[in-house]
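Novice: According to our numbering, the stretch in the sequence shown is residues 72 to 470, in order.
Derived by calculation from the structure, the hints in this document are not laboratory data. Heads up, some of the hints might be wrong.
[Claimed, not checked] Within a straight-line C-alpha distance of at most 27 Å, the following computed DSSO-like cross-link-like pairs (lysine-lysine) qualify: (1) K347 x K312; (2) K96 x K165; (3) K312 x K226; (4) K347 x K406; (5) K159 x K207; (6) K151 x K165; (7) K207 x K276; (8) K165 x K250; (9) K377 x K312; (10) K419 x K116; (11) K347 x K276; (12) K352 x K312; (13) K312 x K285; (14) K377 x K285; (15) K80 x K419; (16) K116 x K226; (17) K142 x K165; (18) K151 x K276; (19) K80 x K312; (20) K419 x K75; (21) K165 x K207.
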Amino acid sequence: MDKKIVTLKEETTQELSNILNFWAKNTIDETNGGFIGAIDGDGTKHPEAEKGAVLNARILWSYSAAYRITKNEEYLKLAKRALEYNIKHFFDRKNGGSYWMLTPEGKPSNTRKQIYAIAFLIYGISEYVRATGDEKPLSYAQDLFIAIERYSFDKQNNGYIEALSEDWQTLEDMRLSDKDANSPKSMNTHLHILEAYACLYRVWKDVELEQQLKNLIEVFLDKIIDQQHGFFNLFFSMDWKHESQINSYGHDIEGSWLLWEAAEVLGDQQVLQRVKPVILKMAEQALRDGIDHEDGGMMNDGLFGKIEDSDKHWWPQAESVIGFFNAWQLSNDEKFLQASINSWNFIKSYIIDHQKGEWFWRVSRTHQVYTQEQKTGPWKCPYHNSRMCMEIIERINSL
(Lines of atoms letter the chains of each structure in order from A; the text may use other names.)
(Lines give C-alpha, C1' and ligand atoms only; values in the text may rest on other atoms or scores of the structure.)
Protein backbone atom coordinates (compact mmCIF):
# COMPACT_ATOMS: atom_id res chain seq x y z
CA MET A 72 0.00 0.00 0.00
CA ASP A 73 1.17 3.55 -0.79
CA LYS A 74 3.21 4.88 2.13
CA LYS A 75 1.25 8.16 2.22
CA ILE A 76 -2.01 6.23 2.68
CA VAL A 77 -0.49 4.16 5.50
CA THR A 78 0.72 7.37 7.15
CA LEU A 79 -2.74 8.94 6.78
CA LYS A 80 -4.31 5.98 8.58
CA GLU A 81 -1.72 5.99 11.37
CA GLU A 82 -2.09 9.71 11.99
CA THR A 83 -5.89 9.77 11.91
CA THR A 84 -5.99 6.77 14.26
CA GLN A 85 -3.93 8.73 16.78
CA GLU A 86 -6.00 11.87 16.27
CA LEU A 87 -9.24 9.96 16.91
CA SER A 88 -7.85 8.98 20.29
CA ASN A 89 -6.76 12.57 20.97
CA ILE A 90 -10.19 14.01 20.17
CA LEU A 91 -12.25 11.52 22.13
CA ASN A 92 -9.92 11.63 25.12
CA PHE A 93 -10.22 15.43 25.18
CA TRP A 94 -14.01 15.21 25.39
CA ALA A 95 -13.88 12.43 27.98
CA LYS A 96 -11.48 14.42 30.16
CA ASN A 97 -13.04 17.88 29.85
CA THR A 98 -16.78 17.71 29.18
CA ILE A 99 -18.34 15.28 31.68
CA ASP A 100 -20.92 17.07 33.84
CA GLU A 101 -20.50 15.40 37.22
CA THR A 102 -23.08 17.70 38.85
CA ASN A 103 -26.09 17.56 36.53
CA GLY A 104 -25.36 14.54 34.36
CA GLY A 105 -24.52 14.30 30.72
CA PHE A 106 -21.99 16.77 29.33
CA ILE A 107 -21.34 20.43 30.05
CA GLY A 108 -22.66 22.93 27.53
CA ALA A 109 -19.53 24.83 26.51
CA ILE A 110 -15.78 25.34 26.81
CA ASP A 111 -14.16 28.59 25.65
CA GLY A 112 -11.28 28.77 23.22
CA ASP A 113 -8.90 29.33 26.12
CA GLY A 114 -10.10 26.18 27.89
CA THR A 115 -12.46 27.83 30.41
CA LYS A 116 -15.31 25.46 31.21
CA HIS A 117 -18.92 26.67 31.43
CA PRO A 118 -21.03 24.20 33.42
CA GLU A 119 -23.65 26.98 33.61
CA ALA A 120 -24.13 26.95 29.83
CA GLU A 121 -27.30 25.57 28.26
CA LYS A 122 -27.15 22.11 26.75
CA GLY A 123 -27.88 21.90 23.04
CA ALA A 124 -29.69 19.07 21.27
CA VAL A 125 -27.22 18.97 18.39
CA LEU A 126 -24.19 18.75 20.70
CA ASN A 127 -25.62 15.92 22.78
CA ALA A 128 -26.86 13.90 19.80
CA ARG A 129 -23.49 14.27 18.10
CA ILE A 130 -21.65 13.12 21.24
CA LEU A 131 -23.89 10.04 21.24
CA TRP A 132 -23.08 9.35 17.60
CA SER A 133 -19.33 9.92 18.02
CA TYR A 134 -18.77 7.58 20.95
CA SER A 135 -21.11 4.95 19.52
CA ALA A 136 -19.26 4.89 16.21
CA ALA A 137 -15.91 4.92 17.99
CA TYR A 138 -16.92 1.89 20.03
CA ARG A 139 -18.07 0.07 16.89
CA ILE A 140 -14.70 0.62 15.24
CA THR A 141 -12.28 0.30 18.17
CA LYS A 142 -14.20 -1.84 20.71
CA ASN A 143 -12.81 0.49 23.40
CA GLU A 144 -14.99 -0.06 26.48
CA GLU A 145 -14.43 3.52 27.68
CA TYR A 146 -16.11 4.77 24.50
CA LEU A 147 -19.04 2.44 25.15
CA LYS A 148 -19.47 3.89 28.66
CA LEU A 149 -19.64 7.41 27.25
CA ALA A 150 -22.01 6.32 24.47
CA LYS A 151 -24.33 4.87 27.12
CA ARG A 152 -24.06 8.05 29.18
CA ALA A 153 -25.03 10.14 26.15
CA LEU A 154 -27.86 7.78 25.19
CA GLU A 155 -29.37 7.83 28.67
CA TYR A 156 -29.11 11.60 28.96
CA ASN A 157 -30.67 12.22 25.55
CA ILE A 158 -33.57 9.87 26.21
CA LYS A 159 -34.23 11.15 29.73
CA HIS A 160 -33.96 14.89 29.08
CA PHE A 161 -34.36 15.77 25.38
CA PHE A 162 -37.41 13.67 24.48
CA ASP A 163 -40.78 15.43 24.63
CA ARG A 164 -42.97 12.70 26.09
CA LYS A 165 -46.14 14.73 25.70
CA ASN A 166 -45.91 15.93 22.09
CA GLY A 167 -43.24 13.67 20.63
CA GLY A 168 -39.97 14.73 19.07
CA SER A 169 -37.17 16.35 21.04
CA TYR A 170 -36.41 19.75 22.53
CA TRP A 171 -33.90 22.20 21.06
CA MET A 172 -32.20 23.40 24.26
CA LEU A 173 -32.03 22.50 27.96
CA THR A 174 -30.97 24.34 31.09
CA PRO A 175 -27.73 23.10 32.71
CA GLU A 176 -29.94 21.08 35.06
CA GLY A 177 -31.64 19.33 32.13
CA LYS A 178 -34.98 21.17 31.98
CA PRO A 179 -36.40 22.34 28.62
CA SER A 180 -35.45 25.96 27.91
CA ASN A 181 -36.29 26.06 24.19
CA THR A 182 -39.01 23.60 23.23
CA ARG A 183 -39.18 24.21 19.48
CA LYS A 184 -38.99 21.19 17.19
CA GLN A 185 -35.97 21.84 14.98
CA ILE A 186 -36.00 18.98 12.48
CA TYR A 187 -32.21 19.20 12.02
CA ALA A 188 -31.71 18.34 15.70
CA ILE A 189 -34.30 15.55 15.67
CA ALA A 190 -32.47 14.03 12.69
CA PHE A 191 -29.21 14.04 14.64
CA LEU A 192 -30.85 12.19 17.50
CA ILE A 193 -32.03 9.54 15.03
CA TYR A 194 -28.44 9.40 13.73
CA GLY A 195 -26.97 8.96 17.20
CA ILE A 196 -29.44 6.34 18.42
CA SER A 197 -29.18 4.36 15.17
CA GLU A 198 -25.39 4.31 15.40
CA TYR A 199 -25.63 3.14 19.02
CA VAL A 200 -27.86 0.24 17.96
CA ARG A 201 -25.51 -0.54 15.08
CA ALA A 202 -22.46 -0.47 17.33
CA THR A 203 -23.81 -2.46 20.25
CA GLY A 204 -26.46 -4.74 18.75
CA ASP A 205 -28.77 -3.54 21.54
CA GLU A 206 -32.13 -2.90 19.85
CA LYS A 207 -33.92 -1.57 22.95
CA PRO A 208 -33.29 2.12 22.06
CA LEU A 209 -34.38 1.57 18.44
CA SER A 210 -38.01 2.41 19.27
CA TYR A 211 -36.97 5.96 20.16
CA ALA A 212 -35.39 6.46 16.73
CA GLN A 213 -38.45 4.93 15.09
CA ASP A 214 -40.76 7.33 16.95
CA LEU A 215 -38.63 10.29 15.82
CA PHE A 216 -38.78 9.09 12.22
CA ILE A 217 -42.57 8.83 12.44
CA ALA A 218 -42.77 12.35 13.91
CA ILE A 219 -40.65 13.87 11.14
CA GLU A 220 -42.74 12.16 8.47
CA ARG A 221 -46.02 13.16 10.14
CA TYR A 222 -45.27 16.80 10.86
CA SER A 223 -42.33 17.96 8.72
CA PHE A 224 -42.73 16.14 5.41
CA ASP A 225 -44.37 18.33 2.77
CA LYS A 226 -46.80 16.00 1.03
CA GLN A 227 -47.72 18.63 -1.55
CA ASN A 228 -44.31 19.90 -2.66
CA ASN A 229 -41.98 17.20 -1.32
CA GLY A 230 -39.12 17.75 1.13
CA TYR A 231 -39.07 18.73 4.78
CA ILE A 232 -40.01 21.89 6.69
CA GLU A 233 -37.30 23.34 8.90
CA ALA A 234 -38.97 23.74 12.29
CA LEU A 235 -42.24 23.73 14.19
CA SER A 236 -43.45 24.72 17.63
CA GLU A 237 -43.46 22.48 20.69
CA ASP A 238 -46.82 21.02 19.65
CA TRP A 239 -45.94 20.93 15.93
CA GLN A 240 -47.60 24.17 14.84
CA THR A 241 -46.27 26.60 12.24
CA LEU A 242 -43.50 29.01 13.28
CA GLU A 243 -42.80 32.43 11.81
CA ASP A 244 -39.07 32.10 12.47
CA MET A 245 -37.77 28.71 11.36
CA ARG A 246 -34.05 29.55 11.20
CA LEU A 247 -31.58 26.97 12.39
CA SER A 248 -29.23 29.77 13.51
CA ASP A 249 -28.84 33.54 13.23
CA LYS A 250 -26.60 33.01 10.19
CA ASP A 251 -29.30 31.23 8.21
CA ALA A 252 -32.08 32.54 6.01
CA ASN A 253 -35.61 32.29 7.37
CA SER A 254 -36.68 29.90 4.62
CA PRO A 255 -39.06 27.00 5.14
CA LYS A 256 -36.64 24.51 3.56
CA SER A 257 -32.87 24.23 3.53
CA MET A 258 -30.20 22.02 2.05
CA ASN A 259 -28.62 21.60 5.48
CA THR A 260 -31.64 20.09 7.20
CA HIS A 261 -32.26 17.76 4.25
CA LEU A 262 -28.62 16.65 4.29
CA HIS A 263 -28.75 15.60 7.91
CA ILE A 264 -32.12 13.90 7.57
CA LEU A 265 -30.45 11.98 4.74
CA GLU A 266 -27.53 10.76 6.87
CA ALA A 267 -29.90 9.96 9.75
CA TYR A 268 -32.27 7.93 7.58
CA ALA A 269 -29.34 6.07 5.97
CA CYS A 270 -27.99 5.13 9.40
CA LEU A 271 -31.45 4.13 10.62
CA TYR A 272 -31.97 1.98 7.52
CA ARG A 273 -28.81 0.03 8.38
CA VAL A 274 -30.56 -1.28 11.51
CA TRP A 275 -34.24 -1.11 10.52
CA LYS A 276 -35.27 -2.34 7.06
CA ASP A 277 -38.63 -0.59 7.09
CA VAL A 278 -40.49 -0.19 3.79
CA GLU A 279 -41.57 3.42 4.39
CA LEU A 280 -38.07 4.37 5.55
CA GLU A 281 -36.61 2.82 2.40
CA GLN A 282 -39.08 4.77 0.27
CA GLN A 283 -38.30 8.07 2.02
CA LEU A 284 -34.54 7.51 1.87
CA LYS A 285 -34.77 7.00 -1.87
CA ASN A 286 -37.03 10.03 -2.17
CA LEU A 287 -34.52 12.17 -0.26
CA ILE A 288 -31.73 11.22 -2.65
CA GLU A 289 -33.99 12.19 -5.56
CA VAL A 290 -34.86 15.50 -3.85
CA PHE A 291 -31.15 16.31 -3.79
CA LEU A 292 -30.71 15.36 -7.42
CA ASP A 293 -33.84 17.12 -8.67
CA LYS A 294 -34.29 20.12 -6.34
CA ILE A 295 -31.16 20.98 -4.34
CA ILE A 296 -28.09 20.35 -6.49
CA ASP A 297 -27.17 22.74 -9.28
CA GLN A 298 -26.10 19.93 -11.57
CA GLN A 299 -24.73 22.27 -14.23
CA HIS A 300 -22.15 23.73 -11.86
CA GLY A 301 -21.87 21.02 -9.21
CA PHE A 302 -22.92 22.68 -5.97
CA PHE A 303 -25.77 22.81 -3.48
CA ASN A 304 -28.32 25.58 -3.47
CA LEU A 305 -28.89 26.39 0.18
CA PHE A 306 -32.35 27.84 0.94
CA PHE A 307 -35.76 27.35 -0.65
CA SER A 308 -39.41 28.38 -0.55
CA MET A 309 -42.09 25.77 0.06
CA ASP A 310 -42.34 25.18 -3.70
CA TRP A 311 -38.53 24.99 -4.12
CA LYS A 312 -37.74 28.45 -5.49
CA HIS A 313 -34.14 29.39 -4.67
CA GLU A 314 -33.75 31.91 -1.83
CA SER A 315 -29.96 32.21 -1.68
CA GLN A 316 -27.09 33.29 -3.89
CA ILE A 317 -24.07 31.60 -2.35
CA ASN A 318 -22.66 28.13 -2.00
CA SER A 319 -20.97 26.49 0.95
CA TYR A 320 -17.86 24.58 -0.10
CA GLY A 321 -17.77 22.52 3.08
CA HIS A 322 -21.34 21.35 2.57
CA ASP A 323 -20.66 20.58 -1.09
CA ILE A 324 -17.79 18.22 -0.32
CA GLU A 325 -19.57 16.77 2.73
CA GLY A 326 -22.74 16.21 0.74
CA SER A 327 -20.85 14.49 -2.06
CA TRP A 328 -19.80 11.58 0.15
CA LEU A 329 -22.98 11.49 2.25
CA LEU A 330 -25.10 11.17 -0.90
CA TRP A 331 -22.92 8.30 -2.08
CA GLU A 332 -23.14 6.64 1.34
CA ALA A 333 -26.94 6.94 1.34
CA ALA A 334 -27.16 5.44 -2.15
CA GLU A 335 -24.89 2.57 -1.10
CA VAL A 336 -26.97 1.86 2.00
CA LEU A 337 -30.13 1.96 -0.11
CA GLY A 338 -28.54 -0.51 -2.54
CA ASP A 339 -30.51 0.57 -5.61
CA GLN A 340 -28.21 0.23 -8.63
CA GLN A 341 -30.13 2.74 -10.73
CA VAL A 342 -29.83 5.32 -7.96
CA LEU A 343 -26.10 4.61 -7.59
CA GLN A 344 -25.56 5.07 -11.32
CA ARG A 345 -27.43 8.36 -11.25
CA VAL A 346 -25.65 9.68 -8.16
CA LYS A 347 -22.04 8.86 -9.08
CA PRO A 348 -21.37 11.43 -11.85
CA VAL A 349 -23.19 14.14 -9.90
CA ILE A 350 -21.14 13.77 -6.75
CA LEU A 351 -17.88 13.56 -8.68
CA LYS A 352 -18.79 16.86 -10.31
CA MET A 353 -19.45 18.30 -6.84
CA ALA A 354 -16.01 17.15 -5.69
CA GLU A 355 -14.46 18.73 -8.79
CA GLN A 356 -16.21 22.03 -8.07
CA ALA A 357 -15.21 22.03 -4.40
CA LEU A 358 -11.58 21.32 -5.32
CA ARG A 359 -11.51 23.95 -8.05
CA ASP A 360 -13.37 26.76 -6.30
CA GLY A 361 -13.17 26.12 -2.56
CA ILE A 362 -9.63 24.94 -1.90
CA ASP A 363 -6.87 27.46 -1.24
CA HIS A 364 -4.16 25.86 -3.34
CA GLU A 365 -1.49 27.73 -1.41
CA ASP A 366 -2.01 25.57 1.68
CA GLY A 367 -4.69 22.95 0.89
CA GLY A 368 -7.31 24.43 3.25
CA MET A 369 -11.01 24.69 2.39
CA MET A 370 -12.43 28.22 2.41
CA ASN A 371 -15.89 28.88 3.75
CA ASP A 372 -18.10 30.11 0.94
CA GLY A 373 -18.40 31.92 -2.37
CA LEU A 374 -20.16 31.69 -5.71
CA PHE A 375 -18.82 30.51 -9.06
CA GLY A 376 -15.25 30.66 -7.76
CA LYS A 377 -15.50 34.17 -6.29
CA ILE A 378 -14.70 33.82 -2.59
CA GLU A 379 -17.02 35.61 -0.17
CA ASP A 380 -15.57 34.24 3.08
CA SER A 381 -11.98 32.96 2.97
CA ASP A 382 -11.82 31.86 6.61
CA LYS A 383 -11.13 28.17 7.12
CA HIS A 384 -13.47 26.61 9.67
CA TRP A 385 -12.68 23.32 11.34
CA TRP A 386 -15.51 21.26 9.91
CA PRO A 387 -15.04 21.85 6.14
CA GLN A 388 -11.43 20.70 6.55
CA ALA A 389 -12.60 17.43 8.10
CA GLU A 390 -15.23 16.92 5.41
CA SER A 391 -12.66 17.64 2.70
CA VAL A 392 -10.48 14.78 3.89
CA ILE A 393 -13.39 12.34 3.59
CA GLY A 394 -15.03 13.81 0.50
CA PHE A 395 -11.90 13.91 -1.62
CA PHE A 396 -10.86 10.43 -0.45
CA ASN A 397 -14.30 9.16 -1.47
CA ALA A 398 -13.96 10.85 -4.88
CA TRP A 399 -10.58 9.17 -5.34
CA GLN A 400 -12.07 5.77 -4.47
CA LEU A 401 -14.82 6.27 -7.06
CA SER A 402 -12.68 7.77 -9.82
CA ASN A 403 -9.09 6.59 -9.21
CA ASP A 404 -8.08 10.17 -9.99
CA GLU A 405 -4.92 10.88 -7.99
CA LYS A 406 -5.70 14.57 -7.68
CA PHE A 407 -8.50 13.71 -5.26
CA LEU A 408 -6.27 11.54 -3.09
CA GLN A 409 -3.70 14.32 -2.98
CA ALA A 410 -6.40 16.86 -2.11
CA SER A 411 -7.51 14.63 0.78
CA ILE A 412 -3.96 14.37 2.10
CA ASN A 413 -3.40 18.11 1.61
CA SER A 414 -6.53 18.79 3.66
CA TRP A 415 -5.24 16.57 6.46
CA ASN A 416 -1.85 18.31 6.35
CA PHE A 417 -3.62 21.67 6.67
CA ILE A 418 -5.53 20.39 9.69
CA LYS A 419 -2.30 19.20 11.32
CA SER A 420 -0.57 22.50 10.68
CA TYR A 421 -3.27 25.03 11.53
CA ILE A 422 -6.50 23.57 12.95
CA ILE A 423 -5.46 21.11 15.68
CA ASP A 424 -4.69 22.80 18.99
CA HIS A 425 -1.52 20.87 19.80
CA GLN A 426 -1.15 22.56 23.19
CA LYS A 427 -4.62 22.39 24.74
CA GLY A 428 -6.27 19.70 22.64
CA GLU A 429 -9.21 19.46 20.21
CA TRP A 430 -9.44 21.75 17.17
CA PHE A 431 -9.66 25.51 16.78
CA TRP A 432 -12.99 26.76 15.43
CA ARG A 433 -11.37 28.53 12.46
CA VAL A 434 -8.34 30.34 11.16
CA SER A 435 -8.07 33.21 8.70
CA ARG A 436 -6.65 32.77 5.23
CA THR A 437 -3.31 33.90 6.68
CA HIS A 438 -3.64 31.28 9.46
CA GLN A 439 -4.53 33.61 12.34
CA VAL A 440 -6.46 31.64 14.97
CA TYR A 441 -9.78 33.04 16.21
CA THR A 442 -9.03 32.18 19.84
CA GLN A 443 -12.23 33.77 21.22
CA GLU A 444 -14.46 31.11 19.69
CA GLN A 445 -15.62 28.03 21.55
CA LYS A 446 -13.66 24.81 21.77
CA THR A 447 -16.90 22.96 22.57
CA GLY A 448 -20.48 24.19 22.46
CA PRO A 449 -23.90 23.86 20.80
CA TRP A 450 -22.24 23.83 17.35
CA LYS A 451 -18.69 22.72 18.24
CA CYS A 452 -18.93 18.99 18.68
CA PRO A 453 -16.69 15.90 18.30
CA TYR A 454 -18.64 14.75 15.26
CA HIS A 455 -16.99 16.21 12.16
CA ASN A 456 -13.42 15.58 13.28
CA SER A 457 -13.90 12.17 14.90
CA ARG A 458 -16.03 11.04 11.96
CA MET A 459 -13.27 12.09 9.58
CA CYS A 460 -10.79 9.91 11.45
CA MET A 461 -13.15 6.93 11.54
CA GLU A 462 -14.14 7.21 7.89
CA ILE A 463 -10.50 7.28 6.82
CA ILE A 464 -9.59 4.34 9.08
CA GLU A 465 -12.44 2.24 7.71
CA ARG A 466 -11.87 3.22 4.10
CA ILE A 467 -8.15 2.43 4.22
CA ASN A 468 -8.85 -0.86 6.00
CA SER A 469 -11.16 -1.81 3.14
CA LEU A 470 -8.60 -1.10 0.39
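Novice: Work down the list of hints and note, for each, if the structure agrees.
Specialist: To see whether the hints hold, each was checked on the structure:
1. K347 x K312: Given pair K347, K312 holds - Cα atoms ~25 Å apart, limit 27 Å.
2. K96 x K165: 35 Å, violated
3. K312 x K226: 17 Å, holds
4. K347 x K406: 17 Å, holds
5. K159 x K207: 14 Å, holds
6. K151 x K165: Holds, because 24 Å separates the two Cα atoms, which is no more than 27 Å.
7. K207 x K276: 16 Å, holds
8. K165 x K250: 31 Å, violated
9. K377 x K312: Judged against 27 Å, a Cα distance of about 23 Å means the pair holds.
10. K419 x K116: This hinted pair holds, its Cα atoms lying about 25 Å apart.
11. K347 x K276: Within the cut-off at roughly 24 Å; holds.
12. K352 x K312: 23 Å, holds
13. K312 x K285: 22 Å, holds
14. K377 x K285: It is violated: about 34 Å lies between the C-alpha atoms, which goes past 27 Å.
15. K80 x K419: 14 Å, holds
16. K116 x K226: 45 Å, violated
17. K142 x K165: Not satisfied, since the Cα-Cα distance of roughly 36 Å exceeds 27 Å.
18. K151 x K276: It holds: about 24 Å lies between the C-alpha atoms, which stays within 27 Å.
19. K80 x K312: Violated, at roughly 43 Å.
20. K419 x K75: 15 Å, holds
21. K165 x K207: 21 Å, holds
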